[in-house]
Every structure is written in C-alpha cells, then in structure tokens.
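Following the hints, position chain U against chain C.
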Amino acid sequence: MFDLVERAIQKSKADFIEVNAIRSWSTRVSTRNDEIEATDSGLLVEAGVRVLIKGSWGMAATNSLESLGDAVSRAEKMARASSRSGIDAHLADVPATVKDIKMKVKKNPADYGLEEKAKRCLELSKLGLEGEKIHATNVSFMDSISEAYYANSEGSRLSHDSIVSFFAFSAFAKGGTLQRDSSEIARHAGFELLDGAEKIVKKTCDDVRLLLRAELPPKGKQTVIVDPKMAGTLAHEAIGHALEADTVINGNSTITRLGQRVGSSLISITDDPTIPGLFGSFPFDSEGTMGAKTRLIENGRVKSFLHSRETAYKMKQKPTGNARSSGPMEFPLVRMSNTFIEPGDSSFEEMLEGIQEGVFVRGFKGGVSDTDTGVFQFAAPHGNIIKNGKLTEPLRDITLLGNITDTLKKIDAVGRTLGLGFPGFCGKAGQMVPVSSGGPYMRIREVLVA
Amino acid sequence: MTSLPYELEFYEISAHSMTARHSRDRVEVCKSIDMNGTGVRVIKDGAIGFSFFTEEREKDNAIVRALKSAELSSKDNYSLPEPRPIPSVKRFDSKLAKIDETGVVDMLLGLINASSSEAEPSKGEVSVSSAKVHIWNSNGIDFEDKGTFLSVFSSAKKGDAVGYDYLSTRKFEDVLAVGESAGRWAKASAGGKPADFSGPIILSIETISSFFDSCVLRNFNGENVRLGKALWQLGDKPMSPNLTIIDDPLIPWAADSTGFDDEGIPTKKKKLVEDGTVKQFLYDTRTANLSNTQPTGNGFRSSFAALPSTGATNIVVSPSEVVDTMDVQRGFFVKDLMGFHNMNPVTGDFSLDVTQGFFVRDGELEKPVKGCMLVGNFFDILKNSEFDKDIEHKGSFFSPKIRFYGKVISK
Numbered sequence: 011m012f013d014l015v016e017r018a019i020q021k022s023k024a025d026f027i028e029v030n031a032i033r034s035w036s037t038r039v040s041t042r043n044d045e046i047e048a049t050d051s052g053l054l055v056e057a058g059v060r061v062l063i064k065g066s067w068g069m070a071a072t073n074s075l076e077s078l079g080d081a082v083s084r085a086e087k088m089a090r091a092s093s094r095s096g097i098d099a100h101l102a103d104v105p106a107t108v109k110d111i112k113m114k115v116k117k118n119p120a121d122y123g124l125e126e127k128a129k130r131c132l133e134l135s136k137l138g139l140e141g142e143k144i145h146a147t148n149v150s151f152m153d154s155i156s157e158a159y160y161a162n163s164e165g166s167r168l169s170h171d172s173i174v175s176f177f178a179f180s181a182f183a184k185g186g187t188l189q190r191d192s193s194e195i196a197r198h199a200g201f202e203l204l205d206g207a208e209k210i211v212k213k214t215c216d217d218v219r220l221l222l223r224a225e226l227p228p229k230g231k232q233t234v235i236v237d238p239k240m241a242g243t244l245a246h247e248a249i250g251h252a253l254e255a256d257t258v259i260n261g262n263s264t265i266t267r268l269g270q271r272v273g274s275s276l277i278s279i280t281d282d283p284t285i286p287g288l289f290g291s292f293p294f295d296s297e298g299t300m301g302a303k304t305r306l307i308e309n310g311r312v313k314s315f316l317h318s319r320e321t322a323y324k325m326k327q328k329p330t331g332n333a334r335s336s337g338p339m340e341f342p343l344v345r346m347s348n349t350f351i352e353p354g355d356s357s358f359e360e361m362l363e364g365i366q367e368g369v370f371v372r373g374f375k376g377g378v379s380d381t382d383t384g385v386f387q388f389a390a391p392h393g394n395i396i397k398n399g400k401l402t403e404p405l406r407d408i409t410l411l412g413n414i415t416d417t418l419k420k421i422d423a424v425g426r427t428l429g430l431g432f433p434g435f436c437g438k439a440g441q442m443v444p445v446s447s448g449g450p451y452m453r454i455r456e457v458l459v460a
Numbered sequence: 037m038t039s040l041p042y043e044l045e046f047y048e049i050s051a052h053s054m055t056a057r058h059s060r061d062r063v064e065v066c067k068s069i070d071m072n073g074t075g076v077r078v079i080k081d082g083a084i085g086f087s088f089f090t091e092e093r094e095k096d097n098a099i100v101r102a103l104k105s106a107e108l109s110s111k112d113n114y115s116l117p118e119p120r121p122i123p124s125v126k127r128f129d130s131k132l133a134k135i136d137e138t139g140v141v142d143m144l145l146g147l148i149n150a151s152s153s154e155a156e157p158s159k160g161e162v163s164v165s166s167a168k169v170h171i172w173n174s175n176g177i178d179f180e181d182k183g184t185f186l187s188v189f190s191s192a193k194k195g196d197a198v199g200y201d202y203l204s205t206r207k208f209e210d211v212l213a214v215g216e217s218a219g220r221w222a223k224a225s226a227g228g229k230p231a232d233f234s235g236p237i238i239l240s241i242e243t244i245s246s247f248f249d250s251c252v253l254r255n256f257n258g259e260n261v262r263l264g265k266a267l268w269q270l271g272d273k274p275m276s277p278n279l280t281i282i283d284d285p286l287i288p289w290a291a292d293s294t295g296f297d298d299e300g301i302p303t304k305k306k307k308l309v310e311d312g313t314v315k316q317f318l319y320d321t322r323t324a325n326l327s328n329t330q331p332t333g334n335g336f337r338s339s340f341a342a343l344p345s346t347g348a349t350n351i352v353v354s355p356s357e358v359v360d361t362m363d364v365q366r367g368f369f370v371k372d373l374m375g376f377h378n379m380n381p382v383t384g385d386f387s388l389d390v391t392q393g394f395f396v397r398d399g400e401l402e403k404p405v406k407g408c409m410l411v412g413n414f415f416d417i418l419k420n421s422e423f424d425k426d427i428e429h430k431g432s433f434f435s436p437k438i439r440f441y442g443k444v445i446s447k
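So the sequences go chain by chain: C and U.
The first sequence begins at 11 in this note's numbering and counts up one residue at a time.
The second sequence begins at 37 in this note's numbering and counts up one residue at a time.
Check the hints yourself; a few may be wrong.
[Said to hold, decoys possible] Simulated crosslink set (SDA-like; lysine to any residue; CA at most 25 Å straight-line):
#	chain 1	residue 1	chain 2	residue 2
1	C	Lys129	U	Lys80
2	C	Lys375	U	Met374
3	C	Lys229	U	Ser446
4	C	Lys438	U	Lys447
5	C	Lys229	U	Met379
6	U	Lys111	C	Ala146
7	U	Lys229	C	Asn413
8	C	Lys231	U	Lys447
9	U	Lys104	C	Ile46
10	U	Lys305	U	Phe128
11	U	Lys95	C	Lys64
12	U	Lys159	C	Gly437
13	U	Lys168	C	Gly123
14	U	Lys111	C	Lys64
15	C	Lys64	U	Arg60
16	C	Lys438	U	Lys111
17	U	Lys168	C	Lys64
18	C	Lys64	U	Arg62
19	U	Lys194	C	Ser95
In case anyone wonders, no lab produced these hints; they're calculated from the structure.
The following block holds chain U by itself, in its conformation from the complex:
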C-alpha cells in the first residue's frame, strides 16, 4: 500500500451502549444502541481530505470523496503517524462487557432503591458500553483495541434540598454506593439557609473539576496556544510551587485511559505543570506540525464523522505539601456550585451560586447552607492555597480538596 500517491487512514468504531434512566421511582427511558461508522482521512500533496460512512459498501466511494475534499482544502503539510510501540493500560473489563439490556435495567432499579433509603429518588441514569476502535493507515499503523465503560448518575430530594453523586469508570463497580451517597447528601443538605462567612473555604472535587473545565485546561490545548488564546507560555509560573498537574492516560480503569489516541499515536504520562511552572502543552498531529513540535498522543475525535482535535485525558492535580483541609475550627465546605458558564474563563473571576454548602466546625460538617454566592478568582486560588492529603477522583479528574481564605455572601 506504500505505493499509494497519497496517505490514507481509516478510523473505524463499533460500539454497543445501553442506557436506562429513571424519573422519581419509575424507569422512564431504556435504550440499546449499536453504532458502527468509519472516518476516512487522506493527505494528498499536503492537503487534508475527509469523509465518513456507515455502510461497508460505501468504502471505495468514501475514499474518492475524501480525495475530492483534499483537492479543495488549503495545505496543512503534515504526515499521518507511523507505528510505534503502544503502552498497555487496563481498560476492558469482561465482567462489564457481559452485562446485557436486562442487567442494565436491574442496575437502575438497584440505584432507585439505594437513593430512596434516606431521601426521595429524583433522577438517575446507568449507562454501560463497550467499544472497539480500529485505526489503519498507509504508513503502517494497524491498531485495534477495545474498552468498556460504566457511568452512573443519581440525584435525590429531601424537602427543598437536592443531593447528587456520579461515577464514570472502565471497570465494574457497585452502583448502589452512588445512589446511597446521593440520598445522604440530600438529607444532609435539607433545610439549608443563606449565610455569610469569611475564613477558610474548602472546595469539593466536583467544584474543582468544574473550575478546571471552565478556565484551566483550555490553556494547555496546543491549538489555543498557537492561536494566542492561551494564557501561559512554557516556563511561566502561574501556580503555587507546591502544585504539579499531570495528563495521565495510563491510569488503570480511569475514564479517559487509553494506550493510543484516535490517530494511532502512543499515549504517555506528561507533567503539564511541575512545581508551579508550565512544562508542556497538548497536541494532535496537525496542531503539532503547525506549532513546529511533536504530537503528544492527545488527538481525539468527537465521533467517527469528525477529524481529530486536541483534548486532555485523565487530569491529576498532585501537590507536594499536603494538609488535612477539613481540620479547621471554623470553616466552610463548598460541595456544589452553579453558573460556571457565566464565569470569566480568561481572567478566572467568578461569582457563583452555592447550591450546596456546609459550615465546618472542628473538622466536621455542621449546618447546611444554600442561596449564597462564592466570589473570587480561581487563578489566585491556584497560587495561594493548601491541598488535602487525600487525592479523590470523579471520572477522569483526580484531585485533593483545596482550602483557601475567602468569602461567601448571602444574596
């Protein structure tokens, strides 16, 4: 195939996913989807062409259409990757793969039950899927891998309070714990009232994860760096010297773990920030070429019908000095915030609704609080904060709780 007058790539995915959703204590929607599709990328005289199809008999036509598209496109002048050794990572669980449609509904019924032990079940979802990806290109890549996925969401009500929890992983896990946790948080939050507070504030992993998605991770995307939309350059010191941030695709069973990206490039663990200093940005093949650097194994696709673009994998926030963040005489724990779409992703300024908060007294959660605002700047928080000794995780995000001195204002 090396005699082709162009470079050719097939990205083929076949996935089976089953989802069951409830509203209150009733099963509402159950869905089983078999998805199959192929994206075709060609590079001819430095120009990129793309097409996609779902029916195998369309394959030859799809190549012709991709070549036509390459003739029209401006030149990007990159080459498809060549094969390199792929690291192994645990991401296929045969126990999860064996679950069928009835099994998913059974898991959902269990979840409804678990969330009703201390509160009323509100909404919840269990989704189990397995997917096989095959990448072939004319430079010799011919990789196939399969992975499994489990995601669970549960919310419960107690009076006017809502509690929720979620998980996403590649290994079978007890979904009941998610429902029980949602019920427990609903019960703990019931009767929350607005309050003012000034002092040590502790952020939950859920809120830190949302902050990273809203204003931090975009600055490590090589495409944003190239277009001047990122805040930092390599060597900048925007964070506490206590802080290291890692993009790690090789954590066993983590949601975004994979041995190769959607272009067939082997993935690796990378320090984005080391001891507060920016060390590395993320690149797919195209962006790396335009930036005169190497791809980092971060080229991912939103579907078979899309070209790869740069994306992060599992993010690990790893401090060098740690404390017990809850060990305060008087403090405020922020469990949940709302309104992240309104925060300023460039300056890091935020003013967010505290939908679930608690006073902390002598290291324990005390009275629930809601209906007030947390105001501040997240980049300042990353400069001047303390980090917990325990690293928690939600889906692909791993981080300790963060404690800083700040203010909560009643509305």
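For reference, chain C alone in the conformation it holds in the complex:
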C-alpha cells in the first residue's frame, strides 16, 4: 500500500500532506432469543488525504486507493480556496517515525467461519433465555481485522495490523414490571473474547432479575458510593471532554488553565492509549503521533490538556497523540483513549463504614454533560440503599445531577482497587471512536440524587 501512498505524497505541492488508509474485514452476528437474526460480512477500503497550504486545511477521501492522486488534487483545491479566509493552522513538532506494528491474538477471527461465530452467539443468547423470569435476549457481536497505514511529508511511515472484537448481551425480565439490562465486552482481541462469556450472560440475567424487585432511589442530596464504571463515566464525560484542547480553544470549556483546581486532592485522572488490549488503545493517532500516557489531573489540579499537533501549537504545549478520527474519511479531532481515575487507599468496607444513610450507585446507562457549564446528569441502572454502613435494599434508575468540579471536590475517599476497560463508543461532531473508561470505588458527599 505504501507505494501508492508514496506516489501521492511525492505529487503534492502542499506545505504538509498526510495520508491515512485502512483495509478492514469485518463480520457481524445478531441474535434474538433462540434465533440468529442476521449475519453479514464486509470488506472496506478507505483512504483520506489531508493537506495544509498557507495555514489552511483541505481534506479529500476515497474508497479506491488507485484514485489517491485525484484525492490529493481535490484536497489541495479546497485548502487553496479556504486559505483566503483560513484559520492559520500550524503543527507542533513531532519526530518522524517509521514503524510496522503487528498485533498477536490467541484466536484469529480469520480462522473461524461465520458459522462458528453465529453458533457461539446463539449458544449465549439461548443460555440467557433459560434463566428464570427471562423473557427475551439479544446478542450483538462484531469483529474486524484491519491494516492501517499512516504516512506524511515529514517522513513518518507507520503501519498497524489490528484485531478488535465486540460483544453485547441484553436481557428482558418480566414479573410485575418489564425490565431490561445489558453488558458489553470489547477489546483488541480475537475470538477468545467470547471464552467464558457465560459468566457475563449469567451476571446480566441476575442483574435484570434484581431490577424486578428494586425500588426507585430516595431523592435529594445524599452521600453516595459510585462503582468503577460510574467513576469512569465521571472521568470521561465530565472531565475528559472538558480537557480536549479544541473545546478549550473554542471557549466551550469551564476548564481553561493548567494548575486549575477541579477536584479534591485525592483525585488524579489519566488517559492512556498504551494499555495492551483495551478498547480505546492505539499505537499512533490519525496524525501519526505515537500514543502516550497523559496525566490529566494530578491531586485535584489540571496537569495537562489533550492535544492534536494543531492545538498543541496554539496553546504552546506538547502534542499528546490524541488526534483521532472515526476513519480515514473523517477529519481528526482531539479525542480520549482509555481514561480513568487513579486508585487511592481506602477499602470498600472503610468507605461504607462512614455512611449512616446513603446510596450505592452501580453501572452507567446514559446521560448528558455540558463542557460549557460543567453540568452533568448521569443515570445508573443499579444500586442499593446504604444504612448504618451496610448495603441493603436494591435500587434502580438512579440519576446523579450536579456540577462536575463541585462534585469532584466533595470526594472524601477513593478506593484502592482499580476497575479498568469499560468499553464504549464516544461521539463528537458526528464521529464515533472506540474508548474505554474506569476508576476505583469512590465516596462523594452531598450529591443530588434524582
């Protein structure tokens, strides 16, 4: 693939040019109860060219590598036209890198037929359905094998072979009311992702049955303990997005400077795309910058923003390798990878002991947060009443409301065990990228529960 890319780069007269290309082979399976609902497979080739001329960007993309040369001309045309009223973009320096990165998995998806994958998904869908009070189940499975290429006019030549697998299970339980619950696992892994998936199916079924007898939470300000998944949501949605430098530069973030206090000194937050296997991991970003661990918050204060080369230049800071796009056809934006709150030194029991009346919050099922104002609203599917230092009656549909910096300042205990790698697709400007989040159990005082 590099010779086609090489020719395109040589042809260009732009001040800077970069090419992202991918060839990916994917399969999908979905089941409903004891039937395979649909299966399919596809082979996609996508290539994108981005050029910088007199401080203005132009981008072009195609599904055909043979027409890369034409794409270069179209990208240059757009860059030239917009340079009349351009943004005056510059790129912070990163070293040119030449690297070929291969990934090893235990069970290569290419060695397993669509039939085997469908059979395994059906097995898991049926297993769920056998459970007491379970009314319906769905499995959604996807895997992909891809070769990604990056090259630019500064001499970087990077390639990466990767394998990703995704599994989601949802169950409906009936008994008085109808309840639904779901779980996902997704990693840079092969078909081994589904080894032992029975455990997840059973746990989800247990959880959805629990919802049948769970009550709505008591409303009002309370002391809560959040689980690693909700802690990860706070890290990603409420803090991570506010630290994306493009958002900061556009004046849409409440967090504006290094050193700013955003939480209790017990809180440190890290973004790290280098953790092997996690859904948000990548070796290099869409600008060819190598992915690296970035400490975002250190003891409650802002330590670093997340950057592309362009935002790093503008803010006179170092690129962090966080320019990502959902594919070569999209413009890279500043995005997170695997974002988590770092563990502290409390045990779960110690945190509970300090609470006479409160709420334990488990999981995350949706919500909104606004970087402009710092206001968030996150819903958790599960929880328990805490009474005299003990977990008691089960709860459902717990919504936490608040302002993120106020809330992080009220954290008075951080657990010592780290829960990592809750996978998700993060959306920004219509582009979805794979990410993960995590954290320890945490105790927060005076949170508004609704």
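Chain U alone, transformed into the frame defined by chain C:
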C-alpha cells in the same frame, strides 16, 4: 440469470460530496469525499444473506459470503421485488452538479459574510453532493438514478443570543438568504428574558418538525406497528378531523424525493392520516411480508453496508381549515426549543426549554423571551389546534404553523 438457485441483489452507490465548515469568521474544515460501495443481498430458501464491498474485484467473493450468511439466518420468506414503472421526480440539478471544491468554499465565504450583516458569525456549513444509485436484482430490476443535494446551516450570535437557519434541497438555491436569516434571528433574540405567559401559543415549523421526529412519525413505521410499539391502528382517530398527513416522495426538488426506494420499488404519495383518521402505515419488503401487506416504497438504507429498513420520505402536514395563526392581540411565538431527547415519545408529554421565543402583539413579534419552559402534550396539540394558511418547509418537512392555548413558565 433467472436460473440462479437463489435471488440476488446489488445496491451500488457512488457519491461525491464536498463540505466546508466555518467557526466564527474563519474557514475551519473542508472535505471532498468520493464514496463507492456495494451491498449484496441474497435470498436462499427463504433466508436472507448480506455482505458488502468497496473494491470491484471483491464482487464474486461477496456473493459467496452473502450466501454463507443466508445459510445461517432464520427464514423471513420474502421475495425481492419485480420491476414496475417508476414515476419521475425532479431531483438532479445540473447547476448544482457543476459546483466544484472551490465553488463550495466560495459559497461558505458568502454565508459567513451574510450572517455578519446584523450579528457575529458563529458556526456554519455548506455541503454539496451528487450521488448515483444503481439497483440490480435477479427478478429483473435494473434501475439507475442520480440526484443532487445541497444543505446549508448557519448560526450567528448577538450578545448572549444565538440565531440560526438551515435548508436542504436538491436544487441550487441562494445560500446567502440562510446566513442573513440567522443574523436577523440573532439580532431579534438579543436581550431575551424569562417570562410567564398563558394564552395562544404559536409553534414554528422548526419546533413542529422536531416534535414529529420525536413522537409522531415512529407510529407510522410498519416495523413498530408489527412489534406493538406504535400507538395507533388503522381507523383510529388520534388527531383533529381538520388534519391530513401525507408521505410524499414526489415533490419536485424536496430533500427526500425519489422515484424508487433502496429496494427498487416505485414510490407513491400516501395519506398516513386523512381528516384525523389513521389510513396507512409504511413498509419495506421484509416488514410488509411479516405483516401480510404490500411494501409502500419506503425501504431505505443508512449506507451500502446495511440492509433496507422502513423510513418516511417528505412529510406534509395539510389542514383543511386554516387561519392566520399570528393574527392575535396577545400571543407567544415559539421559534426554538431544546431538550427533545427528554420528551416522552409514547405519551407525548413534554417539558422543553424555550431557547428562542417572542411575545406577539397585534400580529407582530414583540419582545424576545428565553430561559423558560413550554409544558404540554403534543398529541393533545394535534387534537385541539388551529393551523396556518401558509405551508412552510424545512428540508423534507412541510407544515403550517400551529396555534394552541397553553402555558410558558419561567424557570
């Protein structure tokens, strides 16, 4: 090809789209995309298989993969459509098709300028595309059609007020009008304060369009009807006898106009609601078969890499008795609402932020209002309302303004 032991379909799309976006008064992102891809559907012994590819040399492999997928799938037992006469509709504008990358950026620069005449430009986008679709199946369908598309969005700021406007169409149009309108609304909304009001409330086409997307149109989707997720059955009378709602894919140059759907079925104009009574639901081939009815030419795909599913085309809200909705001594005009994802799509209950509202006095917009809530039930509004004499349109949605008696509460 009729001798194939299975049914086979290719859905091939090639599209060229150019987008330019600005932030404040600077061009931020410009993108030119050539997209090419094919979806392969097979039906073997009643079971559906699917695959997709982007490189022509993958075609034979893709058929093999689709057949493999059919072997595994549960049986749906439908047949691919056979060719029928296709109605013609204007959807390809050669003037739009001739615009190149430089032309799109020129249009954006014009838009920035237009939105800065009465306010500050905030964000905006111009997108021009043309697409060719080719559908071939083993039952004799071999249809090809091309269409053009223009979409424009503009927002402008004045103090703490934001004004916006947008358009989407298949014909070349003056984009400057969109920018000017955004600037004008920003200026008109500047200095808006919370207020309480009880009396005649007039909804803008933008807000009615959002209500239809959030809670009305889903009830005409045949798949939702089949699964018991829709609110109404044929013959139900959920709306004012004054109201007729039409799915019309044959309006010249409208955003969702097309002579055939993504399965090659000819499209037609259909009354979903006639004089307040539910008359028709929408179906693709698969859903129609499962519901023992005929497809309505509403099978659409989100991309070449997806099977068709049911979707509406242009929606026209057409009242039989009309008034001048703005002809009130004292009233409240709701230009923009926020928070539709929080409304209840089943009951129609809503409590939404009025981000842009105006007091109306003697038929004219008066003081701007913002930071209050409009509370009500949209299905009640469709039962007991008056409709304007003028039908406006935004993209694929055509409707008059709606006036009802309600309340706006300051927060």
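Holds or violated: lysine 168 of chain U to lysine 64 of chain C, with C-alpha atoms at most 25 Å apart: Roughly 35 Å between the alpha carbons, so the hint for lysine 168 of chain U and lysine 64 of chain C is violated.
Distance restraint between lysine 64 of chain C and arginine 60 of chain U, which requires alpha-carbon spacing of 25 Å or less: holds, 19 Å
Straight-line alpha-carbon gap lysine 111 of chain U to alanine 146 of chain C, limit 25 Å: Answer holds: lysine 111 of chain U to alanine 146 of chain C is near 19 Å, not above 25 Å.
Given hint lysine 447 of chain U paired with lysine 231 of chain C - CA-CA distance at most 25 Å: The hint holds at about 21 Å.
Hint consistency between lysine 129 of chain C and lysine 80 of chain U [alpha-carbon to alpha-carbon, up to 25 Å]: holds, 19 Å
Hint consistency between lysine 438 of chain C and lysine 447 of chain U [alpha-carbon to alpha-carbon, up to 25 Å]: Not satisfied, since the Cα-Cα distance of roughly 30 Å exceeds 25 Å.
25 Å limit on alpha-carbon distance, applied to hinted pair lysine 64 of chain C and arginine 62 of chain U: holds, 14 Å
Hinted pair lysine 438 of chain C and lysine 111 of chain U, Cα distance within 25 Å: violated, 38 Å
Satisfaction of hint between serine 95 of chain C and lysine 194 of chain U, Cα-Cα up to 25 Å: Given that 25 Å is the threshold and the Cα spacing comes to 22 Å, the pair holds.
25 Å Cα cutoff - pair lysine 159 of chain U, glycine 437 of chain C: Holds, because 19 Å separates the two Cα atoms, which is no more than 25 Å.
25 Å Cα cutoff - pair lysine 229 of chain U, asparagine 413 of chain C: The given pair, whose Cα atoms are some 24 Å apart, holds under the 25 Å limit.
Pair hint outcome, lysine 229 of chain C versus methionine 379 of chain U [Cα-Cα no greater than 25 Å]: holds, 21 Å
In terms of the numbered hints stated before, the structure departs from hints 4, 11, 13, 14, 16 and 17, listed from lowest to highest.
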